[in-house]
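First to last, the protein sequences are chains Z and F.
Every letter in the first sequence is one number past the one before it in numbering that gives the first Met the number 0, and letter 107, counting from 1, is 106.
Every letter in the second sequence is one number past the one before it in numbering that gives the first Met the number 0, and letter 33, counting from 1, is 32.
For the record, the hints were derived by calculation from the structure and aren't laboratory data.
Note that CB positions come from ideal geometry on N, CA and C, so glycine has one too.
Hints should not be assumed to be uniformly reliable.
As the list claims (entries may be wrong) - Label-pair distances were calculated between CB atoms; the ranges are:
no.	chain 1	residue 1	chain 2	residue 2	range
1	F	Glu64	Z	Ser147	55 to 61 angstroms
2	F	Ala77	Z	Gln67	43 to 49 angstroms
3	F	Gln9	Z	Asp271	20 to 26 angstroms
4	Z	Ser27	F	Ala77	22 to 28 angstroms
5	F	Lys93	Z	Asp92	51 to 57 angstroms
6	Z	Asp271	F	Thr89	15 to 21 angstroms
7	F	Met23	Z	Asp265	33 to 39 angstroms
8	Z	Gly172	F	Lys93	28 to 34 angstroms
9	Z	Gly172	F	Glu96	40 to 46 angstroms
10	Z	Asp95	F	Thr89	34 to 40 angstroms
11	Z	Asp265	F	Gln9	28 to 34 angstroms
12	Z	Val196	F	Ala77	27 to 33 angstroms
13	Z	Ser195	F	Arg87	17 to 23 angstroms
Said to hold, decoys possible - Sample of chain Z residues with no beta-carbon within 10 angstroms of chain F, all distances over it, derived:
no.	residue
14	Val65
15	Asn74
16	Gly157
17	Gln181
18	Asn207
19	Val270
What the hints assert, rightly or not - Reference excerpt, derived from the structure (chain Z facing chain F, CB under 8 angstroms, subset only):
no.	residue
20	Gly248
21	Asn250
22	Arg266
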Amino acid sequence: MGRVELGALVVTRGNPEQALSGAPSSWSSTWPVLGKTVLERWLDRVQHLGAGMVSVVRSDAQLPNVLQTMCGWANEGVERILLILLGSYAEVDLLDVVQFHSRTQNQVTRVFDPEGPLGISLYDRGEVLRHRGGSSNATKLPARYDFSGYVTRLSSIGSYRQLVLDALNGSCGIRPAGSQQQDGIWIDPSAKVHSSVQIQAPCFIGRNVRLRAGVVIKQYCSIEEGSEIDIGTTIDQSSILPYTYIAPGLNVRHAVVDGTRLQHIDRGVTVDLGRAGLSAGLAQSISSPGGLSPE
Amino acid sequence: MYTTTMYRLQFPSTAGRADSRNFMNQIKKLVGDTYQPHVTIDLSAVTELTADGIDLLLECAERVEHADGSVSIVSASAEVLIILEVTRLTSVVKTIETEAEQVPAFISSIGDSTGTGQVAA
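Pulled out of the complex, with its shape left as it was, chain Z reads as follows (with noise of 0.2 angstroms):
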């Protein structure tokens, strides 16, 4: 194998505490933000940073899986793992980050925020191999970078509105998929959009998403990739996310819903509306003339 300058690890685990704990109102780095996930504008990034190797390592991974991965790295002569334990979404100027790493002449450097650390590490091959043969002698203190930008931490339902929120308003880097209709009105081309449907601005509307009539999306509302929205539904200041299925005549407000699974922003409670017919969660390979079918 030849040198490579840099790789990158990505840790999909959230936020640690509410993985652990399960709790419902977390949000998971897999839920699509405007047409595309946060792991995937993570890769993006460190792609567009020149990583010659890039992992993904699932959130159900053991640590010592994450420290094989880089020894294995290390080993091989990659010179500088990127780190990133993914539980927010930060505007961080990578590029910079490996500048700073360079200048300063630390082993590790981590990314901090004025609420605490970011998950973003960077190790040089040295420390990596270092840590594999068990040393404990202390190397110099890890070099901290301060990063004053935007973040969002994936801690909540409520973060995630807001991270959405965001970029709808254009107060984050996020730009949404698919092309600017109207003035703050994003719908992807393969959208199917009944004449009837009232759309207001802002609001996102992913890939083969079907709008059936009378339905209205209300401001700040993303329906994300494969969802369908039955006759004469109002959606309000909610996301729908990925393949779900909303039946007629309801107002689903100040809500993320995800299959069957109600997520109400304000009040933090869960509802099942499956078991009430009231939503479904779609086959993702579904795309029959008709249209999408509830599974």
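Starting from the structure of chain Z, add chain F where the hints point.
Frame of chain Z; chain F shown alone:
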């Protein structure tokens, strides 16, 4: 002289066939016997509102409405309240925290009628 009456009914915890029939029989009886019935439905036993439960509630509201009465919901859990909102049932029935809140609305409503108020325990 007509009699306007407040009723309190317990909504079945599970909208099974027998429970639903029993509940609807009570509604039919009071709608038949009473002028402008004011029905308070106690949802304290309901932990989850199913499709059958929603249908039952709608049918009840429809019958009482046709008798120029009104339906209020009391003691609904946070989860049930969200289902009521999502299905827009909150525009058909009034949701109240306690029955004490029902009384002013009841008095106000009988002030517009020629009937006499009577509260059933």
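Determine whether the Cβ-Cβ distance between Asp95 (chain Z) and Thr89 (chain F) falls within the hinted range of 34 to 40 angstroms.
violated, 52 angstroms
Gln9 (chain F) and Asp271 (chain Z), beta-carbon distance inside 20 to 26 angstroms?
Since the Cβ atoms of Gln9 (chain F) and Asp271 (chain Z) sit about 23 angstroms apart, the hinted range of 20 to 26 angstroms holds.
May I ask you to test the hint 15 to 21 angstroms on the CB atoms belonging to Asp271 (chain Z) and Thr89 (chain F)?
holds, 19 angstroms
Starting from the hint 55 to 61 angstroms, judge whether the C-beta atoms of Glu64 (chain F) and Ser147 (chain Z) obey it.
For Ser147 (chain Z) against Glu64 (chain F), whose Cβ atoms are near 59 angstroms apart, the range 55 to 61 angstroms holds.
Asn207 (chain Z) non-interfacial with respect to chain F [C-beta, more than 10 angstroms]
holds, 24 angstroms
CB-CB spacing for Arg87 (chain F) and Ser195 (chain Z) relative to the 17 to 23 angstroms hint
holds, 19 angstroms
Far enough from chain F: is every CB of that chain over 10 angstroms from the CB of Asn74 (chain Z)?
At roughly 53 angstroms from the nearest Cβ of chain F, Asn74 (chain Z) sits farther out than 10 angstroms, so the non-interface label holds.
Cβ-Cβ distance between Lys93 (chain F) and Asp92 (chain Z): within 51 to 57 angstroms?
holds, 55 angstroms
Assuming the hint says 28 to 34 angstroms, is it satisfied by the Cβ distance from Asp265 (chain Z) to Gln9 (chain F) or not?
holds, 29 angstroms
Go ahead and decide if the range 33 to 39 angstroms is satisfied by the Cβ distance of Met23 (chain F) to Asp265 (chain Z).
holds, 34 angstroms
Ser27 (chain Z) versus Ala77 (chain F) beta-carbon gap, inside 22 to 28 angstroms or not:
holds, 23 angstroms
Has the hinted range 28 to 34 angstroms been met by the Cβ atoms of Gly172 (chain Z) and Lys93 (chain F)?
Distance hint for Gly172 (chain Z), Lys93 (chain F) is violated at roughly 46 angstroms.
Comparing the model with each numbered hint stated earlier shows that hints 8, 10 and 19 do not hold.
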